[in-house]
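Residue numbers (the UniProt record's numbering), protein chains in the order written: chain A, 1 to 279; chain B, 1 to 255.
For the record, the hints were derived by calculation from the structure and aren't laboratory data. Treat the numbers as computed from the prediction; the structure is a model and nothing was measured. Cβ atoms here follow ideal geometry from the backbone N, Cα and C, with glycine treated the same way. A hint or two may mislead.
Derived Cβ-Cβ restraints for the label pairs, each shown as a range [to be verified]: (1) B/R62 - A/R187: 11 to 21 Å; (2) A/L268 - B/E121: 56 to 66 Å; (3) A/G277 - B/G77: 50 to 60 Å; (4) A/N226 - B/G109: 22 to 32 Å; (5) B/G47 - A/L260: 49 to 59 Å; (6) A/V127 - B/A129: 46 to 56 Å; (7) A/L193 - B/G77: 13 to 23 Å; (8) B/G77 - A/L101: 30 to 40 Å; (9) A/V127 - B/R62: 33 to 43 Å; (10) B/G226 - A/G172: 27 to 37 Å.
This is what each chain is made of:
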Amino acid sequence: MSAPAEAPPAPAAPTAPRRRREGPSRRRALGLRVLSVGGLLLLWWAVARAQVWPPVVLPPPGAVWAQAVATSTEGYSGHTLGEHLLTSLRRILVGSAWGTLGGVLLGLLIGLVPAVRAMLGPLVTFVRTLPPLAYLSLLVIWFGIGEEPKIWLLVVASLPPVAVATADAVRGVDPDHLNAARSLGARPWQQALWVVLPHSLPEISTGVRIAVGVAYTSVVAAETVNGVPGIGGMIREAQRFNHTDVVILGLIVIGLSGLLIDRLLVTLDRTVAPWRGRT
Amino acid sequence: MPSTDDALVLTGIGHEYRGGSGPVPALDGIDLSLAAGEHLVVVGPSGSGKSTLLRLIAGFLRPTRGEIAAGGVPVRGPGPDRGMVFQQPTLFPWLSVRANVEFGLRTAGVPRERRREVAGERLAQVGLADAGRMRTYELSGGMRQRVAIARALAPDPGVLLMDEPFGALDALTRERLQDEVRALWSATGKTIVSITHDVDEAVRLGSRLVVLSARPGRIVLDETSGLPRSPDPRAEPGFAPLRDRLASAVRAAAA
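Generate the whole structure from the sequences, applying the supplied hints.
Right, here's the structure in full:
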């Protein structure tokens with residue numbers, strides 16, 4: 001999941017002319033977005049209606065909507081749409097939470113201790129470049145096909161970006177901030193906890209946003225093996241039976257909930273470090 | 001002659017930085033002892049190593065040669081006995097103004113009520129009694145530097161070190177803060193070492209004035225001010241001659 005298309009608006013300057021210019025342009029951007037979504041739906045409907053491809057390749061929007069209602073009430077492969085989504089979200093939450101915790105700790109160590117940086121830095125970069133689907137097989141061999149390999153996959157996928165962001169932030173700490181702390185009697189652990197960590201919060205929070213995004217894109221990979229309930233498992237299952245409308249429904253649900261979560265994290269990002277860009 | 005009562009004693013200090021083509025000398029043969037309650041101002045052209053001197057006293061750097069003792073104890077690293085005010089305020093933006101001032105008390109495990117009390121007193125001393133709840137990024141440059149002074153004073157250091165504390169401020173604010181530091185010094189009797197390249201500022205603030213030569217920095221002038229501890233020494237008849245002596249020493253040092 002990448003950053004949303006529009007850049008988050010800069011904290012509005014308290015000058016009146018700027019606001020006046022901003023209002024209509026934001027409304028226009030919203031209008032354009034509604035227009036593009038509407039246009040896409042219309043195009044989809046028209047192409048499906050023209051029967052260019054059979055419905056099993058491209059079902060009409062109405063059929064997907066009907067599936068949305070059906071899976072929400074009756075369910076699909078034994079679970080409702082809500083259950084599938086919540087199971088996946090829970091995996092994302094647990095996986096990226098552990099990934100974030102481990103990533104922050106590892107990043108602090110990598111950033112603060114040169115020996116750890118030399119030992120683990122390359123390993124983190126190596127794991128970071130691996131696509132999650134590639135090590136899923138290994139995790140299945142190690143942990144079986146239950147819940148464990150899925151969580152582990154998300155942890156392994158989300159930990160490196162947080163670790164790298166934290167390590168970079170730690171190394172970017174102003175030496176005179178540390179000097180100030182030391183001349184105020186701060187011991188090494190106090191410097192780490194009271195200066196280095198809060199200094200790194202903005203970057204860590206960006207790292208968390210990336211980690212949740214990585215976990216989000218990886219959950220479908222994690223659910224390719226015994227993934228029901230789970231939104232990825234549901235898509236996988238629907239693919240086996242050529243239930244194209246369910247596949248498309250799953251994609252839309254993943255995309256929309258992903259957007260929502262990203263908005264949430266952007267808000268969190270802004271509240272966690274209000275001093276960002278202001279010192 | 002240095003005595004053990006002196007707040008600060010520097011013996012045979014020399015310092016070299018490692019450069020690309022061998023060591024770069026920054027300071028050489030610095031001998032200095034400062035009695036408690038003095039305000040030593042070190043003046044020098046840029047590159048005279050005056051910032052290096054202050055960082056050595058603060059303990060951020062270890063001298064290549066020589067010994068520094070603060071309050072009779074050899075300096076081995078930074079410590080709360082030597083408070084530091086940087087040219088850039090280096091306040092912690094994630095903490096409130098009051099929490100910044102409390103920082104040096106928190107590291108020492110001072111209980112919360114006592115911390116609040118001390119922070120309140122220090123903030124009042126720098127004219128910011130009502131700013132405790134503000135965020136540091138809401139303050140002007142002058143206010144930030146006041147908070148930095150309050151923060152450095154909170155653990156009650158034996159020596160207050162100030163590295164061109166007003167260098168980044170506009171002229172009006174600088175002048176106000178100079179008055180305030182002078183008043184603070186008179187009121188608290190704190191031992192202060194500060195650095196400036198501004199001769200007027202040096203004579204206004206210092207009870208003891210030292211001029212360093214250009215690289216490597218050596219002491220070329222060491223004078224006790226002799227001006228009375230009045231609120232504004234510029235009105236004193238001794239001010240202008242002293243400033244002229246200092247200015248010509250700095251000019252000669254830069255050449």
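Practice task
Take the C-beta atom of B/G47 and the C-beta atom of A/L260, compute their distance, and say whether it sits inside 49 to 59 Å.
Solution key: For A/L260 against B/G47, whose Cβ atoms are near 57 Å apart, the range 49 to 59 Å holds.
Handout entry: Cβ distance range 30 to 40 Å for B/G77 and A/L101, holds or violated
Key = holds (32 Å)
Practice task
Could you say whether the range 46 to 56 Å given as a hint is met by the Cβ separation of A/V127 and B/A129?
Solution key: Taking Cβ atoms as reference, A/V127 and B/A129 lie about 53 Å apart, which means the hint holds.
Exercise for the section: Starting from the range 11 to 21 Å, see whether the pair B/R62 and A/R187 falls in it by beta-carbon distance. Expected result: holds (19 Å)
Practice task
For the range 50 to 60 Å, tell me whether the beta carbons of A/G277 and B/G77 fit it or not.
Solution key: violated (33 Å)
Practice task
Evaluate the given range 33 to 43 Å for the C-beta pair formed by A/V127 and B/R62.
Solution key: Holds: the Cβ-Cβ distance is about 40 Å, inside 33 to 43 Å.
Exercise for the section: Take the C-beta atom of B/G226 and the C-beta atom of A/G172, compute their distance, and say whether it sits inside 27 to 37 Å. Expected result: For A/G172 against B/G226, whose Cβ atoms are near 48 Å apart, the range 27 to 37 Å is violated.
Practice task
Indicate whether the distance between the beta carbons of A/L193 and B/G77 respects the range 13 to 23 Å.
Solution key: With a Cβ separation near 19 Å, A/L193 and B/G77 satisfy 13 to 23 Å, so the hint holds.
Handout entry: Whether the CB-CB distance between A/N226 and B/G109 falls inside 22 to 32 Å
Key = violated (53 Å)
Handout entry: Beta-carbon spacing of A/L268 to B/E121 - inside the hinted bounds 56 to 66 Å or not
Key = violated (37 Å)
In terms of the numbered hints stated before, the structure departs from hints 2, 3, 4 and 10, listed from lowest to highest.
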